[in-house]
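Once you've looked at the hints, dock chain X against the given chain L.
In the order they appear, the protein sequences are chains L and X. Heads up, the first sequence is in numbering that gives the first Met the number 0, so the first residue is 0 and it goes up one at a time. Heads up, the second sequence is in numbering that gives the first Met the number 0, so the first residue is 0 and it goes up one at a time.
None of these hints come from the bench; they were simulated from the model. None of the hints are false.
Any copy, or any two copies together, can satisfy a pair, since identical chains are not distinguished.
Below, a list of computed lysine-lysine pairs in the DSSO-like style, where the Cα atoms sit at most 27 angstroms apart:
#: 1; residue 1: Lys302; residue 2: Lys442
#: 2; residue 1: Lys258; residue 2: Lys222
#: 3; residue 1: Lys295; residue 2: Lys442
#: 4; residue 1: Lys296; residue 2: Lys285
#: 5; residue 1: Lys498; residue 2: Lys482
#: 6; residue 1: Lys98; residue 2: Lys249
#: 7; residue 1: Lys104; residue 2: Lys52
#: 8; residue 1: Lys52; residue 2: Lys116
#: 9; residue 1: Lys104; residue 2: Lys146
#: 10; residue 1: Lys302; residue 2: Lys498
#: 11; residue 1: Lys467; residue 2: Lys302
#: 12; residue 1: Lys52; residue 2: Lys146
#: 13; residue 1: Lys295; residue 2: Lys232
#: 14; residue 1: Lys377; residue 2: Lys456
#: 15; residue 1: Lys377; residue 2: Lys442
#: 16; residue 1: Lys77; residue 2: Lys146
#: 17; residue 1: Lys146; residue 2: Lys92
#: 18; residue 1: Lys285; residue 2: Lys377
#: 19; residue 1: Lys295; residue 2: Lys444
#: 20; residue 1: Lys442; residue 2: Lys476
#: 21; residue 1: Lys104; residue 2: Lys92
#: 22; residue 1: Lys456; residue 2: Lys476
#: 23; residue 1: Lys285; residue 2: Lys444
#: 24; residue 1: Lys116; residue 2: Lys104
#: 25; residue 1: Lys146; residue 2: Lys98
#: 26; residue 1: Lys98; residue 2: Lys52
One-letter residues, chain by chain:
Protein chains: 2
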Amino acid sequence: MLKELKAKNAPEEEIATVKKQLEEVKKHLWKGTSVGSAGKEKKGAQITLKTPKGTKDYNEREMHLRERVIGTITGIFKKYGGVPIDTPVFELKEILTGKYGEDSKLIYDLEDQGGEKCALRYDLTVPFARYLAANGIANIKRYHVAKVYRRDQPAMTKGRMREFYQCDFDIAGQYDVMIPDAEIVAVLKEVLTALDIGEFLIKMNHRKILDGIFAVCGVPEEKIRTISSAIDKLDKQSWEDVKKEMVVDKGLDEIIADKIGTYVRRKGGPELVDSLLEDSELTSNKRLKEGLEEMKKFFEYSKVYGTQDRVSFDLSLARGLDYYTGIIYEAVLIDDAPVPTAPKNSKDEEAQTRIGSVAAGGRYDELVGMFASSSKGKVPCVGISFGIERIFAILMSKYEQSKLRPNHTQVFVMSMSDGLLLERIEIANLLRQNNISAEFTFKTKPRMTAQYEFCDKNLIPLAVIIGKDEISRGVVKIKAMSKEAAAAAQTKNEGDEVKVSDLVAEISRRLCL
Amino acid sequence: MLKELKAKNAPEEEIATVKKQLEEVKKHLWKGTSVGSAGKEKKGAQITLKTPKGTKDYNEREMHLRERVIGTITGIFKKYGGVPIDTPVFELKEILTGKYGEDSKLIYDLEDQGGEKCALRYDLTVPFARYLAANGIANIKRYHVAKVYRRDQPAMTKGRMREFYQCDFDIAGQYDVMIPDAEIVAVLKEVLTALDIGEFLIKMNHRKILDGIFAVCGVPEEKIRTISSAIDKLDKQSWEDVKKEMVVDKGLDEIIADKIGTYVRRKGGPELVDSLLEDSELTSNKRLKEGLEEMKKFFEYSKVYGTQDRVSFDLSLARGLDYYTGIIYEAVLIDDAPVPTAPKNSKDEEAQTRIGSVAAGGRYDELVGMFASSSKGKVPCVGISFGIERIFAILMSKYEQSKLRPNHTQVFVMSMSDGLLLERIEIANLLRQNNISAEFTFKTKPRMTAQYEFCDKNLIPLAVIIGKDEISRGVVKIKAMSKEAAAAAQTKNEGDEVKVSDLVAEISRRLCL
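With the rest of the complex left out, here is chain L (with noise of 0.2 angstroms):
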């Protein structure tokens, strides 16, 4: 806007008064806080009201959506045999040092107030292995769902935020190979059909598989984890771009990086295992070949599970964590083009299907073991971790164009004069006595305005009204007053008089309880 202004030679006032509102208005988007910006700068204010850069306050209806996305990933969950726990939320230092690589600069420290040196927890995969390790659990299906906090730079409009939700659901324990490891993308597939955000693929590479490949096209052992994390940029670049880094930024051989480029493009079904295992120069390698036949088992149970439709064997999926071991996965949503087999080679067409990854893990067997002494101490693991933060603003979108409830009230209990405060709270008591969630006005004498105001504004579908004469006479109207209420009424009338001892009644009738 600047630029164009710029460009256009307007008069430096305009070009002033534009550079001010930019201002204003990426001041308000690091506020972070979510509701609308009344009273949020009060001229004069002597305390900043924001909350921390990168964090964000959640008002009823995000929490509304939140708790119903969580409610139906964690009741899945539970229906594969999933247990919840919960962990600190900081950790002793020493326990999440060395185990981010390069992130760990990204680590929340707490200020050293004498005692422990603590720091915030990063995920919640490194407590998870410290809680395994340090009560001794060998196995076990649990779930986290818990915020975690990076000092990154935030872009809250991409979703990426200092404080965020993490939702892992894992299963530790000495199993049968590949068993598990299905198991948790039949839980992956499950999650995202339920949450209904929309078409996605679950893209899929083995660690022994990538590194195998870099071994075969003789990538030196100390380039490997640099070239892994360029071939992970297949997703975003073309490969031209990638081979560039590898080369040129990188210092790799051209005719290696040709030949890994001839294997990392390819993606497929079970089909692609069964080429690869043809190629004898890649069976050579031992751990690829054990990686390939892992895979291919890895199908099998897949078929069996209904989830095959939905895996994409992709050899450029690296996934940055040192952890891994060896399956890993990424969910991404698509816009309308299933599964998608054909190599990409323009940036375009990458970046117009590719919307991001809503959920990401693998298998890491060692992980445990860095905090046991004994081989005992050892635990395999395989575990995925939805990015609900996404997952929330996916379906805010939809959320605020339907017109859904802020607060659960079922019954808005009001009078029409004269106040009748304590008939109010006897009738709003007697209601959530018998379990009818019920609200009235705190006033003495509130306005019968202000009190139908309150029931339009929350979509209460009923009220009680109550009235001196009626109260007298051991009745109350009541009054729906929602569209869905008033048909439920069914053969009462608006404003029907009904009885005070027949009112749960026929609250329960009309609200179908």
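Relative to chain L, chain X alone:
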């Protein structure tokens, strides 16, 4: 124990052994990890695996209880029109500064890693006030269940932790006097009744009354807070001890102390309010008279709400926090005696009847205004905070005696021989697709006994048993693994064969789904 041994002149060795054992126990208590001690202190482990001081892990059984308790409480909040919000776990440091008096030293600061200075939240009330001010919200009934942080000396046995849950319900808004206050007390009564944690009593006082009494008795302005905190100890100490503290330690005139004693040792119901209203010395103080009239109103509403039987107007209740401006209350568990009206005069007597406070709160009309620059920003509030860690501790001991299940799995799919992994996956899949939670062993050829053991350990009610011969005939066997499930089997005999096509219906029938 040590004293006893010493008194008995036990041999040094024996004393040393017991000492060592006690230290071992102490160490385990401090470790904070909650599950069995196996594997906790592996010799030679490089890293300490404990959670930070004053924090702990929660295993699946504890989480099970926790989710149930929080579900019960928030269900009641919703019935009263409450809506959930959430705020970040840390706030800008300046938001917390000056809100907690002396306790500010217990705030956890984040390390200054460049950028804003932040601190972990100390409670949910100050973040709530900041939320209201930042978002310009003038009225809301909000609840918030989240962890808060205090660098206090932990006492795990008493349930005092450095990281612990708070569970708050607050009503913000400009309403008529004592109506929301009476509603909060109704919520308090309903929650404690629903949780079934034993007999309880809601002690209540009013800041205006307490301050008025100090003024009438002639307590110097600068001594009011310190005298107030001495008075607050009357629930744990005898009047003589409290008087001594006021006169000897705090230099209060003995005549003033005695005069205070004639008031603060009184407790009762609405009749106490009436008798104090007849005391012209008291009513000559405007604030005091106002406070008493508000208490009178409270009891009027309380009668309609049906909470009067639980409320004890207790003139010794002071509560530490500076921000309270009106009514204050605290719910305590009592062993058996209902509302104790006799003055407490012995430490022991008190110790016997008092278990502890499980909820507390009050009115704070000025806190939100501290964040706003104009008087328009003033939002009166009243709220309650449940000490759910204590509630958990009480219920956990009940819960551990009953045999409640650690997971939600309803059916375990097992094979008699031959492994039949793919068939087990298929059956589990079928059940899960029909919303029945199911598990199986992740082995290609699991042992029969291991499968049975898993069912026993997890109290899984039903097993589906697969055999090669049966599968070829399109049938499986259902077996009730618990007494309840056996009773629900009704017409079917144990181990009866069921067609796979009828399996979902038959299991649904047995589980009464």
